[in-house]
Amino acid sequence: MEALGQISTLHYLVLAAALFVLGVIGVLTRRNVVIILMSIELILNAVNLNLLAFSRLYGLHGQVFSIFVITDAAAEAAVGLGIIIAFFRNKETVNVDEVDLMKW
Amino acid sequence: MQPVATTFFFYLLAGLAVLGGVLVITRRNAVHSALALILTLLSLAGLYLMLYAPFVAGVQIILYAGGIMVLFLFVIMLVSIEKSQKEEQFNKLWLVGLLAAIALGGLFIGVYVKGKALFPEAKVVLEEGNNTQGIADYLYGHYLFTFEIASLLLLVAIIGAVVMAKKRI
Chain A
1 MEALGQISTL HYLVLAAALF VLGVIGVLTR RNVVIILMSI ELILNAVNLN
51 LLAFSRLYGL HGQVFSIFVI TDAAAEAAVG LGIIIAFFRN KETVNVDEVD
101 LMKW
Chain B
105 MQPVATTFFF YLLAGLAVLG GVLVITRRNA VHSALALILT LLSLAGLYLM
155 LYAPFVAGVQ IILYAGGIMV LFLFVIMLVS IEKSQKEEQF NKLWLVGLLA
205 AIALGGLFIG VYVKGKALFP EAKVVLEEGN NTQGIADYLY GHYLFTFEIA
255 SLLLLVAIIG AVVMAKKRI
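Residue numbers (the numbering used here), protein chains in the order written: chain A, 1 to 104; chain B, 105 to 273.
None of these hints come from the bench; they were simulated from the model. Treat each hint with caution, since some may be false.
[Stated by the list, open to error] To be clear about the criterion: a stretch of chain B counts as covered by chain A if any three or more of its residues have a C-beta under 8 Å from a C-beta of chain A, and this derived list gives those stretches:
hint: 1; segment: 116-127
hint: 2; segment: 133-139
hint: 3; segment: 159-172
hint: 4; segment: 187-194
Everything numeric in this text was worked out from a predicted model, so none of it was measured. All C-beta atoms in this analysis are idealised placements derived from N, C-alpha and C, irrespective of residue type, glycine included.
Based on the provided sequences and hints, a complete structural model is requested.
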């Protein structure tokens, strides 16, 4: 299995870290709640890439776990988008700064 | 089958993934963000193929790029995007958030570079021919209980989404 050339696990980990950081930036700085959810999807994908990169070293368990992460992402997207629809119906906006009922 | 030109394809797909990620968090129009996210997801599926995970790559394309992103696009169409496009896109503390996230990234890179000697060099032989079979063996054998929990999670998510999107509960 030396055919993977010069691309080591570290390459994949750095790429996953870059995607994770992009997702965190999106969550922390954007105001549009739909784009915040998309950034969360970016974070989940970075985690999946990590799992698969280590699965190449340790066997199939990482791939099975990444299937579970994808399941989680589907459930999270369904519930999150339901919340967005309810939020939009009440507030007529998708701006998260407008949700300050519990803030004091 | 051995992957061909791994270096070229890794950097191509990684570049596309990062480009898509940057576009996701910078676009004003949420539809453009969703399309950029699809670009990222597809290039990640290519990377999964290079990591000897063809089943996960297929699931990524079918379920993520096909299913979840359609859900996203539906919701973007349901909420009005004209109004949010005219508003300020980043919140007031965006600089703090950016710096914190970059510090987090620096932490990641530092840990990886310092700890990369701990990674085993010998790679497990992952066969592509029976990849799906191997995953199924684990899924319905070793991880059967986890699998059932996941099905319960999906049931809760279905009920939750219906309840959340209903006009009157």
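For this session: Given that the segment 116-127 of chain B was listed as covered by chain A, double-check it with a C-beta distance under 8 Å for 3 or more residues.
Result: Since 5 is at least three, the answer is holds.
Exercise. For the segment 159-172 of chain B, does the count of residues with a C-beta closer than 8 Å to a C-beta of chain A reach 3?
Worked result: holds (count 8)
For this session: Apply the coverage criterion to the segment 187-194 of chain B and chain A: a residue qualifies when its Cβ sits closer than 8 Å to a Cβ of the chain, and three qualifying residues are needed.
Result: holds (count 6)
Problem set entry | Outcome, coverage of the segment 133-139 of chain B by chain A - at least 3 residues whose beta-carbon is closer than 8 Å to one in that chain | With 3 residues close enough to chain A, the hint holds.
Figure legend: structure checked against the earlier numbered hints; every hint is met.
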